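There are 2 protein chains.
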Amino acid sequence: MNAEIIAVGSELLLGQIANTNAQYISEQLAEAGVNVYYHTSVGDNPVRLKQAIEVARGRADLLIFTGGLGPTKDDLTKETIAAALGTGLSMDEEALRSIKEYFNRTNRAMTPNNEKQALILKGSEVLKNEHGMAPGMFFKKGGRSYMLLPGPPSEMRPMFSKYGIPAILHTLKRKEIIYSRVLRFFGIGEAQLETELEELIDTQTNPTIAPLAGDGEVTIRMTAKHGSKEVAGELLDNLEEKILSIAGDYFYGYDHDSLVEVAMRSMKEKGFTLSCAESLTGGLFQSEITAQPGASEVLKGGVVCYQDEVKKNVLSVNENTLKLHSAVSEQCAIELAENVRRLFSSDIGISFTGVAGPEDHYGKKAGTVWIGLSINGQDTKAFLLNLAGGRNANRKRTAKYGWHYLLKELT
Amino acid sequence: MNAEIIAVGSELLLGQIANTNAQYISEQLAEAGVNVYYHTSVGDNPVRLKQAIEVARGRADLLIFTGGLGPTKDDLTKETIAAALGTGLSMDEEALRSIKEYFNRTNRAMTPNNEKQALILKGSEVLKNEHGMAPGMFFKKGGRSYMLLPGPPSEMRPMFSKYGIPAILHTLKRKEIIYSRVLRFFGIGEAQLETELEELIDTQTNPTIAPLAGDGEVTIRMTAKHGSKEVAGELLDNLEEKILSIAGDYFYGYDHDSLVEVAMRSMKEKGFTLSCAESLTGGLFQSEITAQPGASEVLKGGVVCYQDEVKKNVLSVNENTLKLHSAVSEQCAIELAENVRRLFSSDIGISFTGVAGPEDHYGKKAGTVWIGLSINGQDTKAFLLNLAGGRNANRKRTAKYGWHYLLKELT
Chain A
1 MNAEIIAVGS
11 ELLLGQIANT
21 NAQYISEQLA
31 EAGVNVYYHT
41 SVGDNPVRLK
51 QAIEVARGRA
61 DLLIFTGGLG
71 PTKDDLTKET
81 IAAALGTGLS
91 MDEEALRSIK
101 EYFNRTNRAM
111 TPNNEKQALI
121 LKGSEVLKNE
131 HGMAPGMFFK
141 KGGRSYMLLP
151 GPPSEMRPMF
161 SKYGIPAILH
171 TLKRKEIIYS
181 RVLRFFGIGE
191 AQLETELEEL
201 IDTQTNPTIA
211 PLAGDGEVTI
221 RMTAKHGSKE
231 VAGELLDNLE
241 EKILSIAGDY
251 FYGYDHDSLV
261 EVAMRSMKEK
271 GFTLSCAESL
281 TGGLFQSEIT
291 AQPGASEVLK
301 GGVVCYQDEV
311 KKNVLSVNEN
321 TLKLHSAVSE
331 QCAIELAENV
341 RRLFSSDIGI
351 SFTGVAGPED
361 HYGKKAGTVW
371 IGLSINGQDT
381 KAFLLNLAGG
391 RNANRKRTAK
401 YGWHYLLKEL
411 T
Chain B
1 MNAEIIAVGS
11 ELLLGQIANT
21 NAQYISEQLA
31 EAGVNVYYHT
41 SVGDNPVRLK
51 QAIEVARGRA
61 DLLIFTGGLG
71 PTKDDLTKET
81 IAAALGTGLS
91 MDEEALRSIK
101 EYFNRTNRAM
111 TPNNEKQALI
121 LKGSEVLKNE
131 HGMAPGMFFK
141 KGGRSYMLLP
151 GPPSEMRPMF
161 SKYGIPAILH
171 TLKRKEIIYS
181 RVLRFFGIGE
191 AQLETELEEL
201 IDTQTNPTIA
211 PLAGDGEVTI
221 RMTAKHGSKE
231 VAGELLDNLE
241 EKILSIAGDY
251 FYGYDHDSLV
261 EVAMRSMKEK
271 GFTLSCAESL
281 TGGLFQSEIT
291 AQPGASEVLK
301 GGVVCYQDEV
311 KKNVLSVNEN
321 TLKLHSAVSE
331 QCAIELAENV
341 RRLFSSDIGI
351 SFTGVAGPED
361 HYGKKAGTVW
371 IGLSINGQDT
381 KAFLLNLAGG
391 RNANRKRTAK
401 YGWHYLLKEL
411 T
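Just so you know, the protein sequences line up as chains A and B, in that order.
251 is the number that UniProt numbering gives to position 251 of the first sequence; each next residue is one higher, with no gaps.
86 is the number that UniProt numbering gives to position 86 of the second sequence; each next residue is one higher, with no gaps.
Relax, there's no trap hidden among the hints.
Which copy? The list can't say, so a pair holds if one copy fits it or any two copies do.
For lysine-lysine, the following DSBU-like pairs were computed, each having C-alpha atoms within a straight-line distance of at most 35 Å:
no.	residue 1	residue 2
1	Lys73	Lys400
2	Lys270	Lys365
3	Lys116	Lys400
4	Lys396	Lys365
5	Lys100	Lys364
6	Lys141	Lys50
7	Lys73	Lys408
8	Lys365	Lys400
9	Lys400	Lys100
10	Lys396	Lys381
11	Lys400	Lys128
12	Lys162	Lys400
13	Lys100	Lys140
14	Lys73	Lys229
15	Lys270	Lys364
16	Lys408	Lys100
17	Lys312	Lys400
18	Lys73	Lys100
19	Lys116	Lys128
20	Lys116	Lys141
21	Lys270	Lys312
22	Lys242	Lys116
23	Lys396	Lys408
24	Lys396	Lys162
25	Lys122	Lys100
26	Lys116	Lys396
27	Lys140	Lys50
28	Lys365	Lys162
The hints are simulated quantities; they were obtained by calculation from the structure and are not laboratory data.
On a predicted model such as this, the values are computed, not experimentally measured, just so you know.
In isolation and in its complexed conformation, chain A is listed as follows (with noise of 0.2 Å):
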């Protein structure tokens, strides 16, 4: 089986969103084992609808739309795959309740054209919609399996894992399934991490390994195929001991693990409280952490010092310090991670001052930064990077070389 992703909607021809559905979907259908060969993308406009349609007839086995499944005029991809295949519509009684219990509970009023999205194509089976309200469809017709997902990924995402991939499998009832392994690694780049590997990259068969670049860190997917779950795992494993004999030292997680979730584990694991002290990434540190559920086990909080003033008055940095080395030095980082480790009563504090660009500034370049690591019981250490990005990447790299450092002093 081989698939084709169709995004339908004028907003992604005009560039005003990406087309991040097609990625997840590809994500779960790689991890699925089902291939897919290509993604169109296509505007609220039936004739160009109709056309892509019978271009990915032509060349794939399943078809999954996303989009224009909504209440307003310019939402028609129901009406025009119905016309193109000559299917009917009608109405879904359930999906119809449920639509109107969605306005009942968020206490709005419905207009009439929300009805229309209780449309289903005649015949197929209804994903539920458990975010939003236009639900999802999965019919067969002419040898080919047809799939209509909603376009706002925060409806889309939950419908096609909980719904959509246990309707793809039942199809399939397949014999050989693919299995694949993501190793996560920090502080290397792709070039080199890929010749150090090179060796086993070329040699290697089932699994392979594709490593692949992005945000700082690079990562390698090693995919094995095999008619035995049991075998497939045991192929992986003697891949992964062989890959980190060599590139062990920067590999720090799997599939999707990220820093900030290893390093809260680590945390967790050792009963270890942290609080932040945030000049140049102003928040976006803490942000990162409080994004994940179970943050408030670990982080007490911290203070975003984004003036001299309040380094000074908040967090109690020496005058001198600002004076003598400015607030983008070692000594100032220093200050910083042990007196909001202090104010905060936390095992872990941590600091970041430096420069985020794109001036340059206390006389230092933009991507100078201190990161600042004051845990109970131990020296106080500060780390200097040189950056290189603009001001948001700077900022964002910053994070990433906290959790980097923290979770390097914890184990």
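We have chain A; now place chain B onto it with these hints.
What follows is chain B alone, placed relative to chain A:
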């Protein structure tokens, strides 16, 4: 002229990255008045790439390719296009020289496979790569135009805007141009806005009106076609006036404006400074303003008060407030806003306290949020939200409402 953007790379079909190149190129083309009718993504596979080229030649005048120009074996965009169109490849001496220089500059050894990057399609205009090695190309054949761009966004973006767009505009010699303006709304749903504007939408032809929802906001794109920039501007002005006479209460800005930028501009104009007390948002609100250059003129800083003990010890919330009303209460929001304003000596103090979820807490439902707002010389106000999203959707929506209320109170 209508365009199709063809992205080449198996990493797209595996869902390892999103096709942000298509978004960038589409946005630039929309501004240049070139219609994009399709996006296609295809893997590093010459047979399927050739098929994609054939489909696109049947429906587009301008084919823009991204990716597959690199040095490795799976980079085969040039070779496949050459075969599909019956064109040859030749070594471009200037590109080769520039690749050699690139290796010299970055102190790396050049491997022989890098020479392949200097091969260009015969007869094509070279688009210089100022941020990497593989040059871009532009050529015409059989009444169609073809452009090849590298895959990494850091190379593709500057090349396309500096050399790609001018090459396309030169080809067009167009008289009538498309002018767009986006109006941005917050606090109203898409269906409600469309219902209020229904008559306008149905009767308008030039400019056209297209609503789009996303991230709790609704935008309206007005698009006018005209030979004169001035007349098009007047058409847009007239329509904007009509739209705002109906829905002006929810309007906050234009085009790429964001709530945070508009609120920041408003504070700058008034010479106001800001400080923040963040519980459930955990640094996110401050991180949004510190992402903007010039934030230091407005933001003094703030406290992430993730624990009740921090609200009490660092931000002096009354112990009785926490006991009698809990941290998620109007009283606590008001004290946090007033106390953070005092601690940081700012003109405005804003606070966020609530239950992000997924679990209920303090006897309050997940999604219950209080925002406190203390402005110098005015009574402190508090606003209650009842949000229905997941943990991070609730945190992001809360931050948006923070900017929204702040902006409303300032204007």
